[in-house]
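Enquirer: Top line first, the protein sequences correspond to chains E and P. When we follow the working numbering, the leftmost residue of the first sequence carries the number 1, and every step to the right adds one. When we follow the working numbering, the leftmost residue of the second sequence carries the number 417, and every step to the right adds one.
Simulated from the structure, these hints should not be mistaken for laboratory data. Note that the structure is a prediction, hence the values are computed from the model and not measured. Some hints could be false.
As a list, the in silico SDA-like pairs of lysine to any residue whose alpha-carbon atoms are at most 20 Å apart [to be verified]: (1) P:K420 - E:E119; (2) E:K4 - E:T14; (3) E:K288 - P:T472; (4) E:K20 - E:G273; (5) P:K593 - P:L739; (6) P:K509 - P:E526; (7) P:K701 - P:Q428; (8) E:K148 - P:P617; (9) P:K558 - P:N469; (10) E:K199 - P:K591; (11) E:K285 - P:T472; (12) E:K285 - P:D474; (13) E:K199 - P:K565; (14) E:K198 - P:P467; (15) E:K180 - E:T22; (16) P:K701 - P:Q812; (17) P:K704 - E:V57; (18) P:K614 - E:L32; (19) P:K558 - E:P201; (20) E:K63 - E:E110; (21) E:K234 - P:G503; (22) E:K4 - P:E535; (23) E:K175 - E:A151; (24) P:K704 - P:R735; (25) P:K559 - P:G588; (26) E:K79 - E:D113; (27) P:K614 - E:L173; (28) E:K298 - E:P320; (29) E:K348 - P:E535; (30) P:K639 - E:T174.
There are 2 protein chains.
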Amino acid sequence: MFRKLMTFEEAQKTIEEHFKPTFLGEEEVVLLEAYNRVLNEDITSSLDIPPFNRSTVDGYAVKAQDTYGAEENQPATLKVVGIANVGEQPQVKVGMGEAVEIVTGAPLPEGADAVVMVEDTQREDSQLHVFNAVTINENVQKKGSDIKKDALILKKGQVLGPSEIGVLAALGLTKAKVLKIPIVAILSTGGEVTELGKKLPTGKIYDINAYSIGTAVIEAGCKPLYFGVIPDDKAALSKALQTAVSCADMVITSGGVSVGPKDYTPQIVDSLGKPGIVVYGVAVKPGKPTTVGFVGEKPVFALPGHPTSALLIFYLFARPLLLRLAGKPAMPMRTVRAVAGSRMFSAKGRRTFVMVRLEFDANCRLLAVPVESGASGAITTLAGADGFVEIRENEQFVDADEEVLVYLFRGSGFRT
Amino acid sequence: MFRKLMTFEEAQKTIEEHFKPTFLGEEEVVLLEAYNRVLNEDITSSLDIPPFNRSTVDGYAVKAQDTYGAEENQPATLKVVGIANVGEQPQVKVGMGEAVEIVTGAPLPEGADAVVMVEDTQREDSQLHVFNAVTINENVQKKGSDIKKDALILKKGQVLGPSEIGVLAALGLTKAKVLKIPIVAILSTGGEVTELGKKLPTGKIYDINAYSIGTAVIEAGCKPLYFGVIPDDKAALSKALQTAVSCADMVITSGGVSVGPKDYTPQIVDSLGKPGIVVYGVAVKPGKPTTVGFVGEKPVFALPGHPTSALLIFYLFARPLLLRLAGKPAMPMRTVRAVAGSRMFSAKGRRTFVMVRLEFDANCRLLAVPVESGASGAITTLAGADGFVEIRENEQFVDADEEVLVYLFRGSGFRT
Chain E
1 MFRKLMTFEE AQKTIEEHFK PTFLGEEEVV LLEAYNRVLN EDITSSLDIP
51 PFNRSTVDGY AVKAQDTYGA EENQPATLKV VGIANVGEQP QVKVGMGEAV
101 EIVTGAPLPE GADAVVMVED TQREDSQLHV FNAVTINENV QKKGSDIKKD
151 ALILKKGQVL GPSEIGVLAA LGLTKAKVLK IPIVAILSTG GEVTELGKKL
201 PTGKIYDINA YSIGTAVIEA GCKPLYFGVI PDDKAALSKA LQTAVSCADM
251 VITSGGVSVG PKDYTPQIVD SLGKPGIVVY GVAVKPGKPT TVGFVGEKPV
301 FALPGHPTSA LLIFYLFARP LLLRLAGKPA MPMRTVRAVA GSRMFSAKGR
351 RTFVMVRLEF DANCRLLAVP VESGASGAIT TLAGADGFVE IRENEQFVDA
401 DEEVLVYLFR GSGFRT
Chain P
417 MFRKLMTFEE AQKTIEEHFK PTFLGEEEVV LLEAYNRVLN EDITSSLDIP
467 PFNRSTVDGY AVKAQDTYGA EENQPATLKV VGIANVGEQP QVKVGMGEAV
517 EIVTGAPLPE GADAVVMVED TQREDSQLHV FNAVTINENV QKKGSDIKKD
567 ALILKKGQVL GPSEIGVLAA LGLTKAKVLK IPIVAILSTG GEVTELGKKL
617 PTGKIYDINA YSIGTAVIEA GCKPLYFGVI PDDKAALSKA LQTAVSCADM
667 VITSGGVSVG PKDYTPQIVD SLGKPGIVVY GVAVKPGKPT TVGFVGEKPV
717 FALPGHPTSA LLIFYLFARP LLLRLAGKPA MPMRTVRAVA GSRMFSAKGR
767 RTFVMVRLEF DANCRLLAVP VESGASGAIT TLAGADGFVE IRENEQFVDA
817 DEEVLVYLFR GSGFRT
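So that you can see chain E by itself, here it is in the shape it has in the complex:
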């Protein structure tokens, strides 16, 4: 079976044509666990906030007109008739010529329409001298001035961070309706792959991809569902893929896509449902054997077995779909501008991604230094890279000292 490799853009376009971000359903979570979830309801305010006229300072609640004309050498003198504390509706009222002691955050007593700051007063028993006039509503936060009852304050689709969760708390809500988190089935294939924690038999290697890709799934805010290493046997793989497709929102396999005698992942995907495999290999380096299919609306990615290739292809093709399944805004990878530390060659006719490490040179220029990859799929390449540089098909190389854009693998920037 020989098929022409798709270009990077053709593969993206083909995936896009088949991908329908399905609604994964909603669930209710308590506020303390709502971080980074996607709100699935519009929130309108059930109350005025603040729910009452509120003093913004410590001082005295008054009728503003009683203070008109008051100044340093000609104070207004009022009678203190009580106190307004936070957390309770004051029982006392403010009449003409009267004042009520009040603290920040306390409700204004009936009759008062402004608050004089304590610094602008002098008190002798129940006599209060006011040295500064206030206007109506001065030092008062009016009922509903922050949020009006019935106002729309959070919209369906917003990602809940500290501020949004603060807003939900302001309304006294303890729960929020959010989108379900996408579940990603992770299967490892390949006769040489062994589960961690077991003794390594001769000729075998440990399963890396389930863990690196699983972690990248967590990093994207989604849930990996580990299927482990599937025995190298068509019936077993078929059964595992069938289960994966029926219980996860995306399926990722790794290994088993080079054209060896035992590589039947694509056949099985085709047999599970339409349209089946839609991308048979992509003209990229690394990652050429990348295979992508859909069983109904479920995306199935068969990533290459090499750890670096697998993680790169996950970032390039799978992660954007996953974020959209999660209902999150398209979040491009972080980038940083740097200078090529040495000449980087492209693979003839293939979109090339060169893993680089960031470091500063003696002139404080940020350098993107290619990570020595040795043989393809080296694990040290993964561990040593801060990100990658993209070289397009029509470029032969990027020369040393040329400016390059580095796509960062993680938010925190450089390794230490």
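For chain E, the structure is supplied; the task is to place chain P on it using the hints.
Expert: Relative to chain E, chain P alone:
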């Protein structure tokens, strides 16, 4: 009690002088839960990776010298004596004039020192014609070429992401020793503050800060420990603070720090241990009543009650300490350059932080538009802001159309 406000820098310096990032201890976690944790051990490789000489292509394992001089119209002819599969040490050996069929990833049979790609061969039963010469080690990934046994491959202090966890998996490790996650006690004070989920009595407001700050703690990769709303009573607050100091790595209270009659948080912190409160208010706007202390080495932040102020002060002062307690690299807030959407004024003599919303204007310029704050502490300010602009004490204002640096509240950029 009147004390001179510290400047922003004085407060930072004072906190720095008292802060000792203590070792919180280590714990062992399984690899699947190690994401974003800080490694607390050096990892040296217990094996060569790959653990054997490995073919990087599908083809035939040969002695390179048997192919020397082979070309399109003058093939070398070898005898196929067996097959090498992935995952098992081949039983067959390659002698002079012999070849062994091999797939990608399979161990090289004894005697072979190179692999001819299947594309460069033609086979008739056990006869193999080779049309292209190979050199020694061609298409072979040598044992230990990726990672040598006993090499140091991950260092204590590294944050575990997809790549690092992939490297741990490559060694067959199922667990990692990591630093414990800092625990942050979160206490709400203030007689007007009510727990969520209860009916709101007249004169009261719901507890916002525990939720916004708690979420910001989670966002920083740490664990909030919620103490709820502490009754407005000195003994109760004293007991809660004492418990918080003894069981958490940082304590954050909010509310109760303006100079009202019932604000005894600072007194209690002083009574719990040396040095007690070290910052009594900071010349910033908003956030002036910010109080910071240490009980032994435990930092205690008494944040202002206003939601916007509390979250801002958390980001400015508490979060950097929290990341260092977690053993993580100092991660500055993300910033973006924008153009002031309107004139922003500073508060006389105070470092001013103006909450802004980002939007594009008709000319595709990124604007930082101040969020109408109404009265201080508005919740809508929180919900509407993408970040803030800093105005220094010696600046009167930032004019419309001036370039400003916007500190972003979250990684994902704009709100939708």
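Enquirer: Hinted pair, alpha-carbon criterion (20 Å max): K288 of chain E, T472 of chain P. Please report holds or violated.
Expert: Status holds; Cα separation ~14 Å.
Enquirer: Given the hint that K704 of chain P pairs with V57 of chain E, does the C-alpha gap stay at or below 20 Å?
Expert: Status holds; Cα separation ~13 Å.
Enquirer: Compare the distance between the alpha carbons of K63 of chain E and E110 of chain E with 20 Å, and conclude whether the hinted pair is satisfied.
Expert: holds (10 Å)
Enquirer: With a cut-off of 20 Å on the C-alpha distance, tell me whether K199 of chain E and K565 of chain P pass.
Expert: holds (16 Å)
Enquirer: Would the pair K234 of chain E and G503 of chain P pass a check requiring their Cα atoms to be no farther apart than 20 Å?
Expert: holds (17 Å)
Enquirer: Could you grab the alpha-carbon distance between K559 of chain P and G588 of chain P and see if it respects the 20 Å cut-off?
Expert: holds (17 Å)
Enquirer: Mind checking the alpha carbons of K558 of chain P and N469 of chain P for me, to see if they're no more than 20 Å apart?
Expert: Within the cut-off at roughly 4 Å; holds.
Enquirer: Tell me if the straight-line CA distance from K614 of chain P to L32 of chain E falls inside 20 Å.
Expert: Distance of about 16 Å is within 20 Å: holds.
Enquirer: CA of K199 of chain E to CA of K591 of chain P, is that 20 Å or under?
Expert: It holds: about 15 Å lies between the C-alpha atoms, which stays within 20 Å.
Enquirer: If you draw a straight line from the CA of K701 of chain P to the CA of Q812 of chain P, is it 20 Å or shorter?
Expert: holds (14 Å)
Enquirer: Does A151 of chain E lie within 20 Å of K175 of chain E when you go C-alpha to C-alpha?
Expert: holds (19 Å)
Enquirer: Check whether the Cα positions of K198 of chain E and P467 of chain P lie no farther apart than 20 Å.
Expert: The given pair, whose Cα atoms are some 15 Å apart, holds under the 20 Å limit.
Of the numbered hints stated above, none is contradicted by the structure.
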